[in-house]
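Chains as they are written, first to last, in the UniProt record's numbering: chain A, 1 to 203; chain B, 1 to 203; chain C, 1 to 203.
Check each hint, because a few of them may be wrong.
A pair holds if it fits inside one copy or across any two, identical chains being indistinguishable in the list.
[Stated by the list, open to error] No more than 25 Å apart at the CA atoms, straight line, and that leaves these computed lysine to any residue pairs for SDA-like:
id: 1; residue 1: Lys110; residue 2: Asp56
id: 2; residue 1: Lys28; residue 2: Thr138
id: 3; residue 1: Lys193; residue 2: Asp96
id: 4; residue 1: Lys28; residue 2: Val192
id: 5; residue 1: Lys193; residue 2: Pro32
id: 6; residue 1: Lys28; residue 2: Tyr194
id: 7; residue 1: Lys110; residue 2: Pro58
id: 8; residue 1: Lys110; residue 2: Leu54
id: 9; residue 1: Lys82; residue 2: Leu140
id: 10; residue 1: Lys110; residue 2: Asn66
id: 11; residue 1: Lys110; residue 2: Phe33
id: 12; residue 1: Lys82; residue 2: Leu70
Hints were generated in silico from the structure; no laboratory data involved.
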Amino acid sequence: MNIDTTDVIEVLGTISFAISGTFAAVQKRLDPFGVLIIAFVTSIGGGTVRDLLLGDTPVAWMRDVNYCLLILVTSILTLFFKHHIKKFKVTLFLFDSLGLGLFTLVGVQKGIVFGLEPGMCIALGTITGCFGGIIRDTLLNTIPLIFRKEIYATACIAGGALYFGLLYFGLAADIAKIAVIVFIVTLRILVVKYKLALPRFGY
Amino acid sequence: MNIDTTDVIEVLGTISFAISGTFAAVQKRLDPFGVLIIAFVTSIGGGTVRDLLLGDTPVAWMRDVNYCLLILVTSILTLFFKHHIKKFKVTLFLFDSLGLGLFTLVGVQKGIVFGLEPGMCIALGTITGCFGGIIRDTLLNTIPLIFRKEIYATACIAGGALYFGLLYFGLAADIAKIAVIVFIVTLRILVVKYKLALPRFGY
Amino acid sequence: MNIDTTDVIEVLGTISFAISGTFAAVQKRLDPFGVLIIAFVTSIGGGTVRDLLLGDTPVAWMRDVNYCLLILVTSILTLFFKHHIKKFKVTLFLFDSLGLGLFTLVGVQKGIVFGLEPGMCIALGTITGCFGGIIRDTLLNTIPLIFRKEIYATACIAGGALYFGLLYFGLAADIAKIAVIVFIVTLRILVVKYKLALPRFGY
Chain A
1 MNIDTTDVIE VLGTISFAIS GTFAAVQKRL DPFGVLIIAF VTSIGGGTVR
51 DLLLGDTPVA WMRDVNYCLL ILVTSILTLF FKHHIKKFKV TLFLFDSLGL
101 GLFTLVGVQK GIVFGLEPGM CIALGTITGC FGGIIRDTLL NTIPLIFRKE
151 IYATACIAGG ALYFGLLYFG LAADIAKIAV IVFIVTLRIL VVKYKLALPR
201 FGY
Chain B
1 MNIDTTDVIE VLGTISFAIS GTFAAVQKRL DPFGVLIIAF VTSIGGGTVR
51 DLLLGDTPVA WMRDVNYCLL ILVTSILTLF FKHHIKKFKV TLFLFDSLGL
101 GLFTLVGVQK GIVFGLEPGM CIALGTITGC FGGIIRDTLL NTIPLIFRKE
151 IYATACIAGG ALYFGLLYFG LAADIAKIAV IVFIVTLRIL VVKYKLALPR
201 FGY
Chain C
1 MNIDTTDVIE VLGTISFAIS GTFAAVQKRL DPFGVLIIAF VTSIGGGTVR
51 DLLLGDTPVA WMRDVNYCLL ILVTSILTLF FKHHIKKFKV TLFLFDSLGL
101 GLFTLVGVQK GIVFGLEPGM CIALGTITGC FGGIIRDTLL NTIPLIFRKE
151 IYATACIAGG ALYFGLLYFG LAADIAKIAV IVFIVTLRIL VVKYKLALPR
201 FGY
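Next up, chain A with everything else stripped away, as it sits in the complex:
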């Protein structure tokens, strides 16, 4: 791992998703290894599905043991300090949204590298950002949160579209990335703060 801005944020995203997975698993009263597995799939689920769909195998986490160690350490620390961390719910939420933003960008970028059309790149970014949480909730036997509450995938899709829009208008890729992350995080904060949600359809 080279140390540049993207890596720093990716690491933060990985940490955040590992924390969110750990909390979700603890709430279901899983044993420690169950907790670790849930933390792991939450962190690497999105990137794994992305790499499988692209055929870029062995998948990313198998080629870089550092991310596995990072998730392991994060999850264990979360288990020990969970009463303390619970007070920083806002911090957690920010990291989670930051992770969502960056993982979306990582997915979009990878789609571009693989020569996919913009719409497909946005889909790939959304998958990268959201699938960890989907797998986590499916394994924990709840309807994935993404399908029920708060604009989540929508933020990824809007962020991905914004990215291509900014590039189209000639913005440098690095600045566009930061703008997209700020956009996704801000959107998520506004949505949660004002309890915004897309209207649902029912019979």
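Given chain A, work out where chains B and C should sit, using these hints.
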């Protein structure tokens, strides 16, 4: 997309699965993006699992944006006209069965192209036909319908076996395909009409 | 299939997982094809996920029809003789643990062949051993047993680590394999007999 019979039916199958996914998601009161995602996975789930198992990546829907647009438009139209469409339950069921029949054939064909044994081709066809619904129901947190009601996978397997049987007896592939689709659709209609089901095993 | 020790135990493992899948599906009152599908995914799920993550496609069971036939025959026999087999719960448990041990080794070995680091090989072995059961329980809409009861993944991880430890100290691979299988089976028996479990974390 060339316009030939197969494409027409495949498009109809895609539309039908998108409609079925939309209805299933609406019943669970998901927000619009949740609905779109469920419609999407229901339509492309089977083909995606098939391509992943074969290692034919990037998976099909990433290479043809038309199917994504088709699903998007279908799902949105279904949301707006759902009260109207509900009256056409029989039409929906027929399209769903037609889609099942065709997707089974598409899977079988792809297995043949990849040089798999007939039994494996039938398995691949069954996966292509059924997996969209399995993923849909798993994400929506219900026991997949396929495992509980109406002969479903059985129709795919029987149809796939019939296809090889017809080819073995020298029938032209195109005629065999149509025969298999008619067979699967008819079997499904009879099963649903007369509430047939395989006997279950219980303690 | 050459007949050597590994194949014999792998066949036994496949049989055991097929039996466990059949029983789980029967308990949920699925129809016979639902039962066969669950038996099938329980037996081949772990190896399939392993091959997908590695990009070793078409996945193993598509290339060897013998395993599919074995699962089919096992599941049908289990359905017919299930009242009889239920009395041999201990035998079943032993075969299940044996399968877990061997599939773990198969996964570890495959990781070594693909040049992965030891930690990744152990992860791959654990995935190979455990994922069949995870998919089975997810499809049947229960929290995967692996996350709730008895040291299961833990046994795979410990066994995988032991394997590398034994190789490091110069043991022949074949002897190390048998030692690891005996270790995993013994660990599982002790855990179940004395109702050992890792402590859980709860609020």
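Evaluation of the provided hints:
1. Lys110 <-> Asp56: Close inside one copy (10 Å) and across copies (18 Å); limit 25 Å.
2. Lys28 <-> Thr138: This pair counts as both: shortest intra-copy Cα distance 13 Å, inter-copy 15 Å.
3. Lys193 <-> Asp96: within (15 Å within a copy, 42 Å between copies)
4. Lys28 <-> Val192: both (24 Å within a copy, 22 Å between copies)
5. Lys193 <-> Pro32: between (33 Å within a copy, 20 Å between copies)
6. Lys28 <-> Tyr194: between (28 Å within a copy, 24 Å between copies)
7. Lys110 <-> Pro58: The answer is both: 15 Å in one copy and 12 Å across copies each meet 25 Å.
8. Lys110 <-> Leu54: Both: 9 Å inside a chain and 19 Å across chains, each within 25 Å.
9. Lys82 <-> Leu140: For Lys82 and Leu140, the Cα distance is within 25 Å only inside one copy (19 Å; across copies 30 Å).
10. Lys110 <-> Asn66: Intra 20 Å, inter 21 Å, cutoff 25 Å: intra and inter.
11. Lys110 <-> Phe33: Classified as between; 23 Å across copies, 31 Å inside a copy.
12. Lys82 <-> Leu70: Within one copy only: 17 Å inside a chain, 46 Å across chains, cut-off 25 Å.
Every hint, counting from the list given before, is met by this structure.
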